[in-house]
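Number of protein chains: 2
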Amino acid sequence: MGVIRIGPTIFAAFMDFSLQHTDPKSKARAGVVTTDHGQIETPIFMPVGTAGTVKAVHQREIKEDIAAEIILGNTYHLYLRPGLEVIQAAGGLHKFNGWDRPILTDSGGYQVYSLGDNRKITEKGVRFKSHIDGSMHDFTPERVMDIQRVIGADIIMAFDECTPYPCERKYAEDSMHMTHRWLKRCIDHFDQTEPVYDYSQTLFPIVQGSTYPDLRRQSAEFIAEQGREGNAIGGLSVGEPHEDMYAMTELVCDILPKDKPRYLMGVGTPENILECIALGVDMFDCVMPTRNARNGMLFTSEGIINIKNERWKSDFSPIDPEIGGYVSTFYTRAYLRHLIMSKEMLGAQICSVHNLTFYLWLVKQAREQIKAGTFASWKNQMVKKVTTRL
Amino acid sequence: MGVIRIGPTIFAAFMDFSLQHTDPKSKARAGVVTTDHGQIETPIFMPVGTAGTVKAVHQREIKEDIAAEIILGNTYHLYLRPGLEVIQAAGGLHKFNGWDRPILTDSGGYQVYSLGDNRKITEKGVRFKSHIDGSMHDFTPERVMDIQRVIGADIIMAFDECTPYPCERKYAEDSMHMTHRWLKRCIDHFDQTEPVYDYSQTLFPIVQGSTYPDLRRQSAEFIAEQGREGNAIGGLSVGEPHEDMYAMTELVCDILPKDKPRYLMGVGTPENILECIALGVDMFDCVMPTRNARNGMLFTSEGIINIKNERWKSDFSPIDPEIGGYVSTFYTRAYLRHLIMSKEMLGAQICSVHNLTFYLWLVKQAREQIKAGTFASWKNQMVKKVTTRL
Numbered sequence: 001m002g003v004i005r006i007g008p009t010i011f012a013a014f015m016d017f018s019l020q021h022t023d024p025k026s027k028a029r030a031g032v033v034t035t036d037h038g039q040i041e042t043p044i045f046m047p048v049g050t051a052g053t054v055k056a057v058h059q060r061e062i063k064e065d066i067a068a069e070i071i072l073g074n075t076y077h078l079y080l081r082p083g084l085e086v087i088q089a090a091g092g093l094h095k096f097n098g099w100d101r102p103i104l105t106d107s108g109g110y111q112v113y114s115l116g117d118n119r120k121i122t123e124k125g126v127r128f129k130s131h132i133d134g135s136m137h138d139f140t141p142e143r144v145m146d147i148q149r150v151i152g153a154d155i156i157m158a159f160d161e162c163t164p165y166p167c168e169r170k171y172a173e174d175s176m177h178m179t180h181r182w183l184k185r186c187i188d189h190f191d192q193t194e195p196v197y198d199y200s201q202t203l204f205p206i207v208q209g210s211t212y213p214d215l216r217r218q219s220a221e222f223i224a225e226q227g228r229e230g231n232a233i234g235g236l237s238v239g240e241p242h243e244d245m246y247a248m249t250e251l252v253c254d255i256l257p258k259d260k261p262r263y264l265m266g267v268g269t270p271e272n273i274l275e276c277i278a279l280g281v282d283m284f285d286c287v288m289p290t291r292n293a294r295n296g297m298l299f300t301s302e303g304i305i306n307i308k309n310e311r312w313k314s315d316f317s318p319i320d321p322e323i324g325g326y327v328s329t330f331y332t333r334a335y336l337r338h339l340i341m342s343k344e345m346l347g348a349q350i351c352s353v354h355n356l357t358f359y360l361w362l363v364k365q366a367r368e369q370i371k372a373g374t375f376a377s378w379k380n381q382m383v384k385k386v387t388t389r390l
Numbered sequence: 001m002g003v004i005r006i007g008p009t010i011f012a013a014f015m016d017f018s019l020q021h022t023d024p025k026s027k028a029r030a031g032v033v034t035t036d037h038g039q040i041e042t043p044i045f046m047p048v049g050t051a052g053t054v055k056a057v058h059q060r061e062i063k064e065d066i067a068a069e070i071i072l073g074n075t076y077h078l079y080l081r082p083g084l085e086v087i088q089a090a091g092g093l094h095k096f097n098g099w100d101r102p103i104l105t106d107s108g109g110y111q112v113y114s115l116g117d118n119r120k121i122t123e124k125g126v127r128f129k130s131h132i133d134g135s136m137h138d139f140t141p142e143r144v145m146d147i148q149r150v151i152g153a154d155i156i157m158a159f160d161e162c163t164p165y166p167c168e169r170k171y172a173e174d175s176m177h178m179t180h181r182w183l184k185r186c187i188d189h190f191d192q193t194e195p196v197y198d199y200s201q202t203l204f205p206i207v208q209g210s211t212y213p214d215l216r217r218q219s220a221e222f223i224a225e226q227g228r229e230g231n232a233i234g235g236l237s238v239g240e241p242h243e244d245m246y247a248m249t250e251l252v253c254d255i256l257p258k259d260k261p262r263y264l265m266g267v268g269t270p271e272n273i274l275e276c277i278a279l280g281v282d283m284f285d286c287v288m289p290t291r292n293a294r295n296g297m298l299f300t301s302e303g304i305i306n307i308k309n310e311r312w313k314s315d316f317s318p319i320d321p322e323i324g325g326y327v328s329t330f331y332t333r334a335y336l337r338h339l340i341m342s343k344e345m346l347g348a349q350i351c352s353v354h355n356l357t358f359y360l361w362l363v364k365q366a367r368e369q370i371k372a373g374t375f376a377s378w379k380n381q382m383v384k385k386v387t388t389r390l
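For the protein sequence lines, the chains are A and B, in the order given.
Sequential numbering of the first sequence, starting at 1, is according to my numbering.
Sequential numbering of the second sequence, starting at 1, is according to my numbering.
Calculated from the structure, these hints are not laboratory results.
Check before you lean on any hint, since a few could be wrong.
Because identical chains cannot be distinguished in the list, a pair is counted as satisfied if it fits within a single copy or across any two copies.
[Stated by the list, open to error] Below, simulated DSSO-like cross-link-like pairs (lysine-lysine); rule was C-alpha separation at most 27 Å, straight line: (1) K308 with K343; (2) K25 with K184; (3) K343 with K129; (4) K364 with K55.
All figures in this text were calculated on a predicted structure; none of them were measured in a lab.
So here's chain A without its partners, still in its complex pose (with noise of 0.2 Å):
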């Protein structure tokens, strides 16, 4: 890490992205991001810690059992609770809740568009009423950038429109150039302001564009121009096919820069995950581990299982020896469901962290095939065995 002085007092280290390994059959590569707060190598999972937390799962088990290398915040969830003033006396986010790896936030735009009727977009930016108590608020650009500074994430991302899917061709490329516009916007006020905290932070662009292949070449190119140490590949995986995500997806990796690492948000499925690390994307969030942990949905080494089944009621096999890490390996298949059928918070507790366990082990294989160079066939496997309903 760089770094320079800015300011009389305040000193900025930039991110480094360090590329490893290119597979030779594939898109696929193998790096390690650099931030203040530690390493990431890449390919890698981000858990989803909306609120601060990763839904149901210790800090401890986050960082020993799942082995994350970095967590997401929501800036719309924290900004509205616990708020800014707590987070700030806190001393970031990091001190707040006790994860002192790396973290990205969101913008909080696409919280916001969730909200439907009790939100307005406007050139100016978002007006909202909260969920939690109905009060409005004002998200822009420049606020979003404040808002992000003040949590302190390591990686912040640019405030943008993320269009639903189907969406007209004429509101996509309405709104891209909005995003675009936003984006300027958003790096004229990160690059005028200062961390708030002592430890770096960096701002990734997001590509949009929907699934028209030439609004999504002119916003790469718009994206990559800006320079920025990572870049980001947004509206993907909100409802369409799966070859348009992946074709949408290697046309975006295949113009942004192959020095900085590349982030498809809000993907996916472990087949998904696998597919899009084939294309050239580094880094993946997604709520489905955790989300489909709570309904007792799980992903293995072998396949997905629906722990509610009667076929695992007395299977007192662990649950997934292969991948290691306490709960998969200590508590059976037929505990699990019968915790799961009683409604006990201890089931979704397991599914969660053994769901987590596992995307980790897959993006840690996945690194390690690249590495080796096997990754294109490996991938093919893997991608079978993890699309099999057990």
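Got chain A sorted already, so can you dock chain B onto it with the hints?
The following block gives chain B in isolation, referenced to the frame of chain A:
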């Protein structure tokens, strides 16, 4: 533990209780209970694992963080779900839920009586309707012994009637006599049957008699005469004034044999536990530390915290560093408040682990004070602390 042969293939070891110290200024005792699943240092608090799970707490946390030495299971819940077939196929509850230290099961009576119109008590036993699927079931003293044999508890409780408070004298007296007749049937059946698994089980009878001193005396004498390896006091902590609870407990403890452990069922607050240790009780269980935890009520070494209070909003000190343990020293009050206010599962998890850690810390402190001969004065100071509202 003595070992004798019963029948051709099964052998049973006896549970042992060794009384080590008696406090000079109170009736408090320190001892060691030895079972085939390990030793229990008394006085002890037993976390309640209703359906084979201490709610919201991983088995690893119960063992390593909370340092519990024995947990409870509820016969009623386990019998209905997962059911005896699954538990027996697993090899008993220890194997099913992965807890390899001692387990005590209640008799299911308390839960069954709580069903109100959905149960009918006769001399034979209780017929009740499942709260899960409405199916009809019969619990008799004999059946309940068989069920607890299959669950595989180290300590099995007699099938009794727990009278409500207030309770007419006539009802209390008749009920006590029926509980005594049921006890004889429990003992006959228990002594004629063998453990299902390869470790010993022991049966504790239960003193009843509501808040009538003469009935309590009569019941305690009857229970003492049975000469079992441990004895329990039931029918308290059901709404009666604390003075009555203490008076009945003292009266009964004075009659129950000194060389056998005494278990006060369903008690209680930290204050109740300290006062009843002073009266000669060795074992306790209560849902309070976990149930209240889920609403954000914390028991600490300095007093009671309602974590929802505004005053904790920016309190970045640990929950209770005094008692040690991961959650109590790692998470801050402000973060925990945020989790509970946001209804995040992790909030209930942290509060549950913390409260149980505190309860186990409290009885361990009591034990140390008894061994040092300083229990009585320490207890009076501690009662003041634990009843303070912070």
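Going through the hints against the structure:
{"no.": "1", "hint": "K308 with K343", "verdict": "both (11 Å within a copy, 25 Å between copies)"}
{"no.": "2", "hint": "K25 with K184", "verdict": "neither (37 Å within a copy, 77 Å between copies)"}
{"no.": "3", "hint": "K343 with K129", "verdict": "between (33 Å within a copy, 20 Å between copies)"}
{"no.": "4", "hint": "K364 with K55", "verdict": "within (22 Å within a copy, 32 Å between copies)"}
Of the numbered hints stated above, the single one contradicted by the structure is hint 2.
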